[in-house]
Amino acid sequence: MTKEDINYHEAIRLLYKIQEYELTLAEAEIMHQESPRAASKIAQLKEHITDLKADLPTEIINRYERFKPDNLPAVVDMIHGNKCSSCHVSLPVGDLPRMIAGKMAPICHTCGKYVYVWED
Amino acid sequence: MMKLKNFIQTNQVKFNLTGENEEEILSQLIEPLEKNKVVNNPNKFMQDVLDREKQLTTVLANGIAFPHARSTAVTRMAISVGIADDPGLMFGSDFVNASGIIYQNAPVKIFFLIAVPSFAPTAHLPILQTLAKFIKDEERMAKFLKQRTPGLAARMLGAYNPHKS
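Same order as they appear, the protein sequences are chains Z and F. In terms of the numbering used here, the first sequence opens at residue 1 and continues consecutively. In terms of the numbering used here, the second sequence opens at residue 1 and continues consecutively.
Chain F extracted, bound-state conformation (with noise of 0.2 Å):
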């Protein structure tokens, strides 16, 4: 697992993130990363993500999903933060098991899009680790919804110690 500080700054959280499919959400996400000179190519990276998540979506039963992508359009990893407001933004496809039982995806409160260089694949897993780890604790994360400013989140998802709670 990994501390957070380092991936995330006060421009790549967002409030009130809206966006009416995939691609008008990611790309409200993408933006402060290309600001940041994170991502050199947005459209090539957005379709890597969209890639990825056709493969597997990242949407997890709780309304919070980790778009992520390995793409050369990333030139150094960083996350970017999307909250939306109440009832959150319906976002990638929904489930079906194995004996055909679909399970629609619940729409999403909380995104974490996670750039990660195409040189650096596995570079990501301990974050999501992280994130993970985070997300787990109802009570930290109504805590975190609670934050008023973008500084504020950016600032308690950095202060996260994944070694201590």
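Excised from the complex, chain Z in its bound form (with noise of 0.2 Å):
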């Protein structure tokens, strides 16, 4: 299988993972600055990001990289069992089996990010 042929739930699930060592990084630049005890825990994060990324197609990392400049997320929730977190407006019920079964990219109709379904 090549990183084009990825299932969207899949590449949704390593996005949410991107995007969370990447805030994990914004966090660490508050708290620890240029502290040498977290320098190598910071390189494995940066480490990580990068592999990730590397097992994305470009475009679904250019339509990430889209939405972060404003510093918000560019995955966010499904809240309510069909609400977009974002922009709080509800995907059609009909389009979310797909998007789960990833058939159908997980994209908010209205303001354009990637949703992540919780399984649990």
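Think of the hints as simulated: they come from the structure by calculation, not from any bench. Some clues are possibly wrong.
[As the list claims (entries may be wrong)] Partial list, derived from the structure: chain Z residues whose beta carbon lies under 7 Å from chain F: (1) A28; (2) G81; (3) S85; (4) V89.
Built from N, CA and C at the ideal position, the CB exists for glycine as well.
From these two lone chains plus the hints, build me the complex, please.
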């Protein structure tokens, strides 16, 4: 399987992980600043991010990067069953099973962000 | 940066914090958040905090820690503060830097546990900035540690204006 064949659901799971690591880096900048204590862990996180990005198709990464400059998350949660947590608009109910099955790009039709459907 | 007033209630400040391990310490800090309906699943939130701690410790060199996590178990943003007696409590793993030098975590005296709802994953960054600025001033921290009641400590944190000092 090439990275272009990746299932959307798997792609969003990886994107969410990238976002988590990037948020941790943003937190580290505030908390640890130039501290040598945290330097190796921070380097490790950066490596993880690079590796994860390499596993994803370019168009998905580009879209993710496009939504980041405002420092707001590019991958957002679904809340209350079918609402995008960024714009609070409901997604079409019929699209949800297809998004969960990875057959349709999990993108909010209103704000354009990737939506992450929690499985638990 | 953001004012802390809206995120700290008096019962979310605890003196004489105790605990032999991370779980015991965190459970005391999470308890008031559960009472105040900030956290609806304490076990899930604790696990999320421990997982976040594994990514990169939140313990700073000066005996202060900012444990936190984005979690589906959190309904709104809030801070729980715990102050331990001297010499503080052991929390988090040690650092190993790129050259293999091990930096041992010092005991932690003050904990600021931040509960972050998963639907607002970046909302805590301004709070972290405010807290980081608050703890930078040694005189202010000495004064904070002298507060005799949770109410006074909560009021001091709530009154702090990061844009003024």
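* Any CB of chain F closer than 7 Å to the CB of A28/Z? -> holds (6 Å)
* Interface hint status, S85/Z versus chain F (Cβ within 7 Å) -> Because about 4 Å separates S85/Z from the closest Cβ in chain F, which is inside the 7 Å limit, the hint holds.
* To do: Verify the interface restraint on G81/Z: the C-beta must sit less than 7 Å from at least one C-beta of chain F.
  => Constraint on G81/Z not satisfied, violated at 13 Å.
* Does the nearest C-beta of chain F fall within a distance shorter than 7 Å of the C-beta of V89/Z? -> Check failed: Cβ of V89/Z comes no nearer than 14 Å to chain F, outside 7 Å.
Hint violations for this structure: numbers 2 and 4, all remaining hints satisfied.
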